[in-house]
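Count the sequence shown with my numbering and you get residues 41 to 206, in order.
Check the hints yourself; a few may be wrong.
[As the list claims (entries may be wrong)] Here are the simulated EDC-like pairs of lysine to aspartate or glutamate, each with C-alpha atoms no more than 20 Å apart in a straight line:
hint, residue 1, residue 2
1, K94, D45
2, K112, D125
3, K112, E96
4, K104, D125
5, K69, D155
Everything labelled a hint here was simulated from the structure, so no lab data went into it.
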Amino acid sequence: MITADWVAVGLVALFLLLGLIAGFGRGLKFFTSGIFGFIISIVICYFFGGLIYKFEFVQQLLEKMIAAMEGKNGFCDFLIDIRLDLVVYYIALFTIVSIIRIIIVLIIKNISEADNAVMKVLNKAFGVVLFAAALIVLTLIVFHIIALIGGTTADNFLNLLSGSAF
């Protein structure tokens with residue numbers, strides 16, 4: 041085993057221990073709050089924004105907004121040109137998605153941290169699984185960034201990992 045293998049084993053042990061200590065509820069709250077929650081909300085808005093935009097009531101609301109701004113002055117015409125309606129739509133969607141995300145996480149956290157023996161064991165077990173999945177995702181992101189950089193950096197990294205047990 042090479043040094044990279046020992047680092048990998050250490051990281052796996054650390055993340056599994058963190059998952060066991062924190063549990064699923066606190067782990068989920070950690071991974072969905074702050075910058076992680078912001079990124080999750082943006083990704084959800086990206087994937088579902090175009091779908092929701094095509095709903096008839098959304099189209100009617102945005103048309104009313106544009107109609108209210110038409111012909112007012114040059115600045116309002118500029119706002120229509122830069123599609124202020126879409127900006128307002130995505131800001132509203134982001135706010136709604138963030139609120140729903142927070143509510144869902146709080147519900148799951150409170151259920152998983154219920155005060156009985158079965159839920160405590162499940163909370164710890166799912167915490168280990170959650171932190172293991174987080175380690176896998178972080179590892180894949182690091183590998184992808186190295187692949188994007190490419191060139192000698194990627195070649196050096198591949199040479200560093202040659203002979204690894206993993």
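Structure-based check of all given hints:
no.: 1; hint: K94 / D45; in the structure: violated (50 Å)
no.: 2; hint: K112 / D125; in the structure: holds (16 Å)
no.: 3; hint: K112 / E96; in the structure: violated (26 Å)
no.: 4; hint: K104 / D125; in the structure: holds (10 Å)
no.: 5; hint: K69 / D155; in the structure: holds (18 Å)
Checked against the numbered hints above, the structure breaks hints 1, 3 and satisfies the rest.
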